[in-house]
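Following the hints, put chain V with the ligands in place on chain Y, whose structure we already have.
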Amino acid sequence: MSVTELRPRTPAETALVQLAEAAGTDEDARRAAIEALRREGLPHRRVEAWHYTDLRGLMGRRLGGDHLIEAVAAREFPQTETVLAPLVPGSTVVDLDAPERASAPDGVTIAATDALADWHESPNHLDRPVDTVRLVNAAFGARAATIAVADRAEVAAPIELRSGIGLQSHAAVKVDVGNGAKAVFIERVEGGGSPAPSSLVSHLAIGDGAEVLWVVDQAKDLDAAHLGQLNVSVGANATFKLFVLNAGGGLVRQEVHAVTAGEGSEIIMRGVNLLQKDQHVDVTTTLRHTHPNTTATETFRNVLMGGHGVFQGMIKVAREAQKTDAKMACNTLLLSEDGDFSAKPELEIFADDVQCGHGATAGEINGEHLFYLMSRGIPAPQAKALLVKAFVDEMVEELEIDEALGEALTAKIDAWLDASH
Amino acid sequence: MLEIKNLHARVTEEGTEILKGVDLTVKDGEVAAIMGPNGSGKSTLSYILAGRDDYEVTEGDILYNGESILEMDPAERAASGVFLAFQYPLEIPGVATMTFLKTAMNAQRKARGEAELMTPDFMRRVKAAAAELKIDAQMLKRPLNVGFSGGEKKRAEILQMALLEPKLCVMDETDSGLDIDALKIVADGVNALRSAERSFLVITHYQRLLDYIVPDTVHVLYKGRIIKSGTKDLALQLENEGYGQIIGEAA
Ligand SMILES: Nc1ncnc2c1ncn2[C@@H]1O[C@H](COP(=O)(O)OP(=O)(O)O)[C@@H](O)[C@H]1O
Ligand SMILES: [Mg+2]
Chain Y
1 MSVTELRPRT PAETALVQLA EAAGTDEDAR RAAIEALRRE GLPHRRVEAW HYTDLRGLMG
61 RRLGGDHLIE AVAAREFPQT ETVLAPLVPG STVVDLDAPE RASAPDGVTI AATDALADWH
121 ESPNHLDRPV DTVRLVNAAF GARAATIAVA DRAEVAAPIE LRSGIGLQSH AAVKVDVGNG
181 AKAVFIERVE GGGSPAPSSL VSHLAIGDGA EVLWVVDQAK DLDAAHLGQL NVSVGANATF
241 KLFVLNAGGG LVRQEVHAVT AGEGSEIIMR GVNLLQKDQH VDVTTTLRHT HPNTTATETF
301 RNVLMGGHGV FQGMIKVARE AQKTDAKMAC NTLLLSEDGD FSAKPELEIF ADDVQCGHGA
361 TAGEINGEHL FYLMSRGIPA PQAKALLVKA FVDEMVEELE IDEALGEALT AKIDAWLDAS
421 H
Chain V
1 MLEIKNLHAR VTEEGTEILK GVDLTVKDGE VAAIMGPNGS GKSTLSYILA GRDDYEVTEG
61 DILYNGESIL EMDPAERAAS GVFLAFQYPL EIPGVATMTF LKTAMNAQRK ARGEAELMTP
121 DFMRRVKAAA AELKIDAQML KRPLNVGFSG GEKKRAEILQ MALLEPKLCV MDETDSGLDI
181 DALKIVADGV NALRSAERSF LVITHYQRLL DYIVPDTVHV LYKGRIIKSG TKDLALQLEN
241 EGYGQIIGEA A
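Here the protein sequences line up with chains Y and V, keeping their order.
Residues in the first sequence are numbered from 1 upward in steps of one, following full-length UniProt numbering.
Residues in the second sequence are numbered from 1 upward in steps of one, following full-length UniProt numbering.
In case anyone wonders, no lab produced these hints; they're calculated from the structure.
A few of these clues could be false.
[Claimed, not checked] Facing chain Y, a subset of chain V residues (Cβ under 10 Å, in silico):
#	residue
1	R52
2	L70
3	P74
4	A75
5	V82
6	M98
7	F100
Using N, Cα and C, we set each Cβ at its ideal position, and we do this for glycine too.
Looking at chain Y on its own, in the form it has when it is part of the complex (with noise of 0.2 Å):
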């Protein structure tokens, strides 16, 4: 008999196990991951992956006392019709609790399956054993939705992937895409009054030649947990872009792993994180180079009016990966004494040809540009305003998207800044 000594858990352990029992069918899958939950209860600083992002105790703050008792009862809510409009119209709307229910738009199928999340094993090998996001996933038994896209096929609208909005809600999606194939997927990660933690788990394989934008859309609200997870493997010259906006949540972690699968791929990533209030927003991404001649470039632009940003970013450079060429920079504009950001950036690398590098910057407005818009009469909050909405803006016009899509992103982000400042 082996005997496992049990630490004490904290009462947000014991409410998010509570949490996933009372979630849904009893089937020994789930039955596993909620005991693997259990067991191993939440990450806390001491594991390196979490150490900017206590999770332990910060879910604490998050469900403790009488949070716990709204998100068990949040279970109860009424299922509100969602009126939601999708982020560009004329989108695939995907609602990841019953996809067999979506349109397939020409060369895409949608199917529900049982499977759940593999959580034994952590993509990030500063990570405990286990993969806490996907274990969450899990143990609420979110099921993965499947989205094959076929070879070739360009799909032209949007495919925007949302779970129940507002309730407590696990979702889970793997999304294949052919060679050669051209398609825009939205994860929708919105608020909706309940303070119940909520997780998505996606996996993106993307074939050769083909070109995926995928963009993450997480506007919780500000009092409601959030942990996302987007595992991508991006084929031979294949492109793959990214773009993240944190524009909520009170506690998010975001992560991002991304591999290359084949030569010559390309990886783009942007993304905005605006925080204020006592958000906690944190974003990791591991980004591994495994093959000879791939590019990535991975931008980050933080905005805080308050809270706690985090970006951890690890580029690894297998031996076998000659001429990759992996940029990454985590620039942030702090606005309020009340704000705090790390930036963790991280290289491993054993290739000895390559060009990699990252930057980290935290600042206040740049002076002098201020002066200068000044010097034309336009007043200092205005100018102030103008200079963060570039600073912002850029990311998205790098990514250099469709333009309705590209302007819904800018408006999110303006609707953000203007309710803020």
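Chain V with the ligands alone, transformed into the frame defined by chain Y:
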């Protein structure tokens, strides 16, 4: 228009005194040239006129149309008609040139209680002014000054000046970085703006610009003071003899 009285100013952060008692009067409609070797304080004077807070006025005053502007911030000064064409115009990534121009024009109009410009009217004005200065429309589609050549930046400054219709135009070495053709275009642009109600402070350390923008008065700034004033002949004298002679006389 402008009266600078015994102006002393230092760098706010480290306290080095740069202007050490500048006295200068510019009348309505006057074009005054300020010349002087590098490091004399010409740019500092222009920044202080525009209200940059890296400099601190410790003594003296700046009167603009009879009233002190020291307490006004740069935007207020601009709205009241002060314009500075920068020696080194800044590149501002992410801010579209057209958005910037429209925001600036409308902010000034608003401050003066005038109605906002509607887009067609705005576009018409920009197109006309850009054509005068031979500025390519493509250039205006870029972010503000980003990727502009040195000469393009200088012309863009004059474009802004033409659109904002200031009353006091301070031009800091607008000639540097311009080839002779561009210099003529810019000078024509400036001359077109000359009027009885508009004054210019033209900072340069070459006489060349003054062949095209002929000044009413010329002042030599050296080590933070005006050491000599005169007519446009003073500029010619400087061209022939260099600054040495005049500096020697003043010492
Ligand atoms: N912000 C500053 N900090 C420190 N020194 C300065 C600053 N601005 C100007 N100076 C100094 O003041 C002097 C005058 O500079 P400037 O006004 O640029 O001269 P000019 O335009 O006549 O060449 C120089 O010695 C310069 O180094
Ligand atoms: Mg100068």
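To see whether the hints hold, each was checked on the structure:
A least Cβ separation of about 5 Å between R52(V) and chain Y falls short of the 10 Å threshold, and the interface hint therefore holds. Violation of the interface hint for L70(V) is found here, the shortest Cβ-Cβ separation to chain Y being roughly 16 Å, above the 10 Å cut-off. With 10 Å as the threshold, the beta carbon of P74(V) comes within range of chain Y, its nearest partner Cβ sitting at about 4 Å, so the hint holds. A cut of 10 Å between beta carbons decides the hint on A75(V): the least distance to chain Y is about 4 Å, and the hint holds.
At about 8 Å, the closest approach between the beta carbon of V82(V) and any beta carbon in chain Y falls short of 10 Å, and the interface hint on this residue holds. The beta carbon of M98(V) comes no nearer than 13 Å to any beta carbon in chain Y, farther than 10 Å, and the hint placing it at the interface is violated. Interface hint at F100(V): satisfied, since its Cβ lies 7 Å from the closest Cβ of chain Y, which is below the 10 Å cut-off.
The structure shown violates the earlier hints numbered 2 and 6.
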